[in-house]
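First to last, the sequence lines map onto chains F and S.
For reference, each letter of the first sequence is one residue, going 1 to 330 in our numbering.
For reference, each letter of the second sequence is one residue, going 331 to 660 in our numbering.
Please note that the accuracy of each hint is not assured.
Label pairs and their in silico Cβ distance ranges [unchecked claim]:
1) F:ASP330 with S:GLU506: 27 to 35 Å
2) S:GLU494 with F:GLU206: 46 to 54 Å
3) S:HIS616 with F:THR10: 49 to 57 Å
4) F:ARG222 with S:ALA526: 36 to 44 Å
5) F:ALA143 with S:ASN372: 20 to 28 Å
6) F:GLU224 with S:GLN659: 24 to 32 Å
7) S:GLU554 with F:ILE139: 42 to 50 Å
8) S:GLU426 with F:PHE202: 53 to 61 Å
FYI, nobody ran anything at the bench for these hints, they're computed from the structure.
Only a predicted model underlies this, so the values are computations on that prediction, with no experimental measurement involved.
The C-beta atom is built at its ideal place from N, Cα and C for all residues, glycine as well.
Now for the letters of each chain:
Protein chains: 2
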Amino acid sequence: MKKIINDKQTVVKELCEGMVLAYPDIVSWNEQYNIISRCQRNTQKVTLISGGGSGHEPAHGGFVGRGMLDAAVCGDVFASPSIMQVYNGILRNASEKGVLLVIKNYAGDMMNFKGAAEMAVEDDGLSVEWVCVNDDVAIDNEAERRGVAGTLFVHKIAGALAEEGASLQQVKAVAEKVIQNVRTMGFALKPCTVPAKGKPTFTLGENEIEMGIGIHGEAGVRRERLGTAKEIANEVVGRVVADLPFKSGDEVALLINGLGGTPNQELFILNREVRHILDEKGIEIHRTMVGNYMTSIDMAGASVTLLRLDAELKRLFAAPARTVSWNTQD
Amino acid sequence: MKKIINDKQTVVKELCEGMVLAYPDIVSWNEQYNIISRCQRNTQKVTLISGGGSGHEPAHGGFVGRGMLDAAVCGDVFASPSIMQVYNGILRNASEKGVLLVIKNYAGDMMNFKGAAEMAVEDDGLSVEWVCVNDDVAIDNEAERRGVAGTLFVHKIAGALAEEGASLQQVKAVAEKVIQNVRTMGFALKPCTVPAKGKPTFTLGENEIEMGIGIHGEAGVRRERLGTAKEIANEVVGRVVADLPFKSGDEVALLINGLGGTPNQELFILNREVRHILDEKGIEIHRTMVGNYMTSIDMAGASVTLLRLDAELKRLFAAPARTVSWNTQD
């Protein structure tokens, strides 16, 4: 294992500290519970909290700030934060307007975030609601679908509505609207290496690609021959489009997300292929983002996310945001 | 070689097209000469042009836009663009206030950018000046020092002054001031793979680190035992600080730059170590940036850049910018 680290046991604490040291005007850090919070706390709005296992940097701490999250609760690498971490994240950031938790659909996260919400409601009388993101189309059974890169669009759009002063029910409703309209599929060319384990999470031959991977180093749903960028895009976009389904005339936001070890040049080449396919299908791209947003440590590969937009979602997508990794200008 | 590509011969064209398809409100593309230009051309300001070999994405196309570059001329991977490419970049973007070329100190780039400047001056009567960036402290001989990640600070600061309407001589002077005050050193944990070659550019053992690498896949100046993040930071920062030298009380901008295959979490851990060292030395960090800015395809590793700031440089660093990969809000 070759990594720029000090100690495999302290990776998460050190990366959190490294982030807030770099961007002290945007985020602050609670070391005890590993919570990244907004520097300029705004108690006049619904509090938006997400998080989960670490290893997805810049998610979720990189999306804390004006117009997006109020806090991100950081678990160990690929492990849910504990109930007490999430509970403290709620207590320390709650506003009178209430708290919305954005949870990715993993058993540990669902249990701990919901458990923390119950504690905050029952013990502290807070208003806490939650939504569950499950945008990964690689898995047929909808109940088992994982929350992956599409989660960022929930952060952005629910965050924008919260910033406008909407109620908890309104913010929850728009988050659910995003979840209903967002779909993602990912693939890996190379596995990732969890620092504490020190070995790649799976092995893949020189001509193989793992289709339908999640973001926790798990193997995908199918192993295939590695094709061209065009062939990869055809398969991935085909699955994403068929699932909702997205139709000719739909307007979408597109996220070409690198998984951490993929060079920028390959993401741009993939975007070109995805774009050509969507053009042929008559699906109109309102906005595109290309980069490392929801990673799987150092995995080589990418995911493609489509979000179907309406006038409300377009307005909120374009609203100002000021975070470490997503800046939309006023 | 495992990459998301179609054809190793068309990588650069496809990545350029992929970039402008993603960000059509910011950049446009001249396919014939592989030039990325600003969409909203401003002929009332000095034109700032950079470029060089591709493989450094998002540099340089990702830094084209309001407040930074007017155009980036894109050569093949790790190869200078031709004189005709650069000449066309000048002709198509020149303003009456003149053109400044920001050249990284490589023989091919220096020859072709300067040759193109001469053509534009002699054949077309344009005002064209150039500056040479050589921020890499790994090489002792100053004449041979390469231009690496510090180039971005030249783009940002000269770009901001040009946007304010300054003269060609003023913009050139501030670019040279940045060059005099910026220093960088990089290291690699894993080599990169140039698409056309298909093999890693060097080999490195499981416990080895290559110190003093450039951004073209070349081996560094020393091969060492891979240490902790703290040990790496100590060596790299020590070299950078001693070179200018940076002194207690200096205010600096800090860039922790990933080389393409390094996960975000490691860059944040590195930032934490660099920060602690600079704190001990009494060097004050005015602004930090952490991410993949000047890459070497998929190389695992990073570079550390320090720029000594004065009041003018701080003002220009903070000025608005709107590009694919560097956004500073108004």
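Verification of the hints:
1. F:ASP330 with S:GLU506: 27 to 35 Å: holds, 34 Å
2. S:GLU494 with F:GLU206: 46 to 54 Å: holds, 52 Å
3. S:HIS616 with F:THR10: 49 to 57 Å: violated, 28 Å
4. F:ARG222 with S:ALA526: 36 to 44 Å: violated, 30 Å
5. F:ALA143 with S:ASN372: 20 to 28 Å: At 54 Å between Cβs, range violated.
6. F:GLU224 with S:GLN659: 24 to 32 Å: Once the Cβ atoms are compared, 43 Å apart, the range 24 to 32 Å for GLN659 of chain S and GLU224 of chain F is violated.
7. S:GLU554 with F:ILE139: 42 to 50 Å: holds, 45 Å
8. S:GLU426 with F:PHE202: 53 to 61 Å: Holds: the Cβ-Cβ distance is about 59 Å, inside 53 to 61 Å.
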